[in-house]
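K.L.:
For the record, in the sequence shown the residue sitting at position 38 is 38 according to the working numbering, with numbers rising by one throughout.
Mixed in with the good hints, there may be bad ones.
Result set (PhoX-like, lysine-lysine): computed pairs, CA atoms no more than 20 angstroms apart in a straight line [said to hold, decoys possible]:
1) K61 with K155
2) K109 with K155
3) K109 with K61
4) K117 with K155
5) K151 with K61
6) K117 with K141
7) K151 with K109
It should be emphasised that the hints constitute simulated quantities derived from the structure, not laboratory data.
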Amino acid sequence: MKNKQSKIRIHKVALVTIITLTMIAISAAVIAKYFNSSNQLENNFTPGVYDTPMISDTVEKDTDSSFYKSNVVVTVGSNDYPVFVRANLVITWQNDSGEVYGQPPVPEKDYTIEYNKTDWTLGSDGYYYFNHIVQSGGSTKPLINADQKLKQTGKAPDGYTMHVEVIAETIQALGKTSDNKTAVMDAWGVQPENE
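Could you put together the complete structure from these sequences and hints?
P.N.:
Here it is, written out as structure tokens:
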């Protein structure tokens with residue numbers, strides 16, 4: 001009798017297992033058919049053409065072969081939308097082959113500089129952020145004005161001269177992300193002032 005009841009239990013478990021697996025297989029087939037029969041969407045996204053910001057400045061040599069850099073302005077591309085701008089100066093000693101000297105020039109020892117802090121704000125990341133939105137094709141106010149020159153004051157290492165590279169970036173000033181942040185706050189972590 002025990003043997004017969006045991007066989008019945010095994011048959012019941014087997015039947016329940018078969019029914020469960022059949023239901024899973026049918027569900028999977030229905031789900032697969034649903035996904036396979038859904039209308040396909042065509043990606044109509046067209047990447048925009050983006051104009052790189054341009055830097056203009058004035059560079060003058062002093063009588064002792066040191067130089068001045070002033071009137072550093074960023075002009076944004078014609079992107080059909082307003083942007084925020086940030087810029088940074090990378091100051092190095094370089095030789096004629098473009099090789100960089102191992103020690104960078106030291107502020108207040110090798111050069112002096114005064115930034116336009118009325119229109120630009122220094123961020124904790126070392127970038128200066130222009131405080132206003134710049135319209136397509138427009139320009140910032142100078143990061144370094146004519147009377148705020150970057151001036152080389154120290155002697156360059158033998159075979160090297162001072163090299164100043166201005167790095168500028170822009171980001172759209174319009175729109176918000178899915179979590180309601182502005183594009184500039186989401187990308188740069190700052191929200192420059194604006195008109």
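K.L.:
Taken at face value, is the distance from the CA of K141 to the CA of K117 at most 20 angstroms?
P.N.:
11 angstroms, holds
K.L.:
Straight-line Cα separation of K109 and K61 no greater than 20 angstroms?
P.N.:
Roughly 18 angstroms between the alpha carbons, so the hint for K109 and K61 holds.
K.L.:
Would the pair K117 and K155 pass a check requiring their Cα atoms to be no farther apart than 20 angstroms?
P.N.:
28 angstroms, violated
K.L.:
Hinted pair, alpha-carbon criterion (20 angstroms max): K61, K155. Please report holds or violated.
P.N.:
14 angstroms, holds
K.L.:
Are the Cα atoms of K151 and K61 separated by 20 angstroms or less?
P.N.:
10 angstroms, holds
K.L.:
Holds or violated: K109 with K155, Cα cutoff 20 angstroms?
P.N.:
9 angstroms, holds
K.L.:
Going straight from one Cα to the other, do K151 and K109 come out at no more than 20 angstroms?
P.N.:
11 angstroms, holds
In summary, the structure is inconsistent with hint 4 from the numbered list given earlier, while agreeing with all the others.
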